[in-house]
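Numbering of the sequence shown is given in the working numbering, commencing with residue 1 and proceeding in unit increments.
Hint data in this document are derived by calculation from the structure and do not stem from the laboratory. Even glycine gets a Cβ: it sits at the ideal position worked out from N, Cα and C. Treat each hint with caution, since some may be false.
[Stated by the list, open to error] Each computed DMTMM-like pair below joins lysine to aspartate or glutamate, with the alpha-carbon atoms no more than 25 Å apart: (1) Lys-158 / Asp-168; (2) Lys-102 / Asp-175; (3) Lys-79 / Glu-98; (4) Lys-79 / Asp-126; (5) Lys-38 / Glu-106; (6) Lys-102 / Asp-90; (7) Lys-79 / Glu-109; (8) Lys-158 / Glu-98; (9) Lys-156 / Glu-87; (10) Lys-78 / Glu-135; (11) Lys-156 / Asp-126; (12) Lys-41 / Glu-106; (13) Lys-79 / Asp-168; (14) Lys-78 / Glu-30; (15) Lys-110 / Glu-31; (16) Lys-158 / Asp-65; (17) Lys-156 / Glu-170; (18) Lys-158 / Asp-83; (19) Lys-110 / Glu-30.
[To be verified] Now the in silico label distances, taken between C-beta atoms and shown as ranges: (20) Asp-165 / Met-54: 46 to 52 Å; (21) Lys-131 / Asp-22: 35 to 41 Å; (22) Lys-102 / Arg-171: 16 to 22 Å; (23) Ser-141 / Leu-14: 26 to 32 Å; (24) Asp-168 / Gly-43: 32 to 38 Å; (25) Leu-14 / Asp-168: 21 to 27 Å; (26) Asp-149 / Asp-22: 24 to 30 Å; (27) Lys-102 / Asp-22: 37 to 43 Å; (28) Met-19 / Asp-149: 30 to 36 Å; (29) Met-19 / Asp-165: 51 to 57 Å; (30) Gln-123 / His-174: 43 to 49 Å; (31) Lys-41 / Gln-66: 41 to 47 Å.
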Amino acid sequence: MSAKPVARGEAIELNLETMTVDQGLQLIEEERVQPLLKYLKTGVFENKTNMTFMKAYSVVVQFGDQQQHSSKLYAYYKKVISDFCSESVDRMGRLSGEDLLKSLAELWEKNTILVFWMQRVFQYLDRFFTKNNNEFPDLFSAALRAFTDTVYELVKDKCIAAMIDVIDRERNGHDVDQ
Numbered sequence: 001m002s003a004k005p006v007a008r009g010e011a012i013e014l015n016l017e018t019m020t021v022d023q024g025l026q027l028i029e030e031e032r033v034q035p036l037l038k039y040l041k042t043g044v045f046e047n048k049t050n051m052t053f054m055k056a057y058s059v060v061v062q063f064g065d066q067q068q069h070s071s072k073l074y075a076y077y078k079k080v081i082s083d084f085c086s087e088s089v090d091r092m093g094r095l096s097g098e099d100l101l102k103s104l105a106e107l108w109e110k111n112t113i114l115v116f117w118m119q120r121v122f123q124y125l126d127r128f129f130t131k132n133n134n135e136f137p138d139l140f141s142a143a144l145r146a147f148t149d150t151v152y153e154l155v156k157d158k159c160i161a162a163m164i165d166v167i168d169r170e171r172n173g174h175d176v177d178q
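Construct the entire structure; sequences and hints are all you get.
Here it is in structure tokens:
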């Protein structure tokens with residue numbers, strides 16, 4: 001008596017043969033990126049399943065072998081991270097002092113989560129596209145550059161002033177949140 005393999009879960013219904021790269025990016029946007037961004041804003045993570053991950057990853061693998069499509073996938077990856085950083089720094093607005101430092105620390109934590117999950121979906125690009133192309137930095141470096149350009153460069157002077165203020169207050173015997 002031989003045991004037959006048992007399929008668990010549902011089969012992925014995805015027709016990559018007729019899908020365009022734009023349709024693939026739309027699928028990634030709807031099934032992975034929007035739920036992730038919603039989680040970063042609300043703390044509620046919906047639609048985080050292996051099925052949605054496999055669909056998104058399959059799209060990247062399907063189109064990641066072709067130079068023009070790889071460039072488009074890479075640009076989308078960078079845009080998602082840059083847009084998140086831009087929206088977040090806009091919300092920081094006129095914060096200063098410890099409030100600015102706390103807000104920046106929270107933004108960095110959320111950005112780290114975003115980059116982690118985005119890298120998982122787009123990791124195929126690092127294996128072939130960025131590795132074989134000096135023009136494009138790896139995914140992590142691109143994400144770090146996006147954060148630096150969109151957030152850090154805009155708030156670094158205010159952050160330095162805020163840190164000096166906190167240090168001075170601590171030296172003068174005031175309690176500070178470390």
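ask   = Going back to the hint list, which numbers does this structure go against?
value = As far as the earlier hints go, 3, 11, 13, 16, 21, 25, 31 are violated by this structure, in ascending order.
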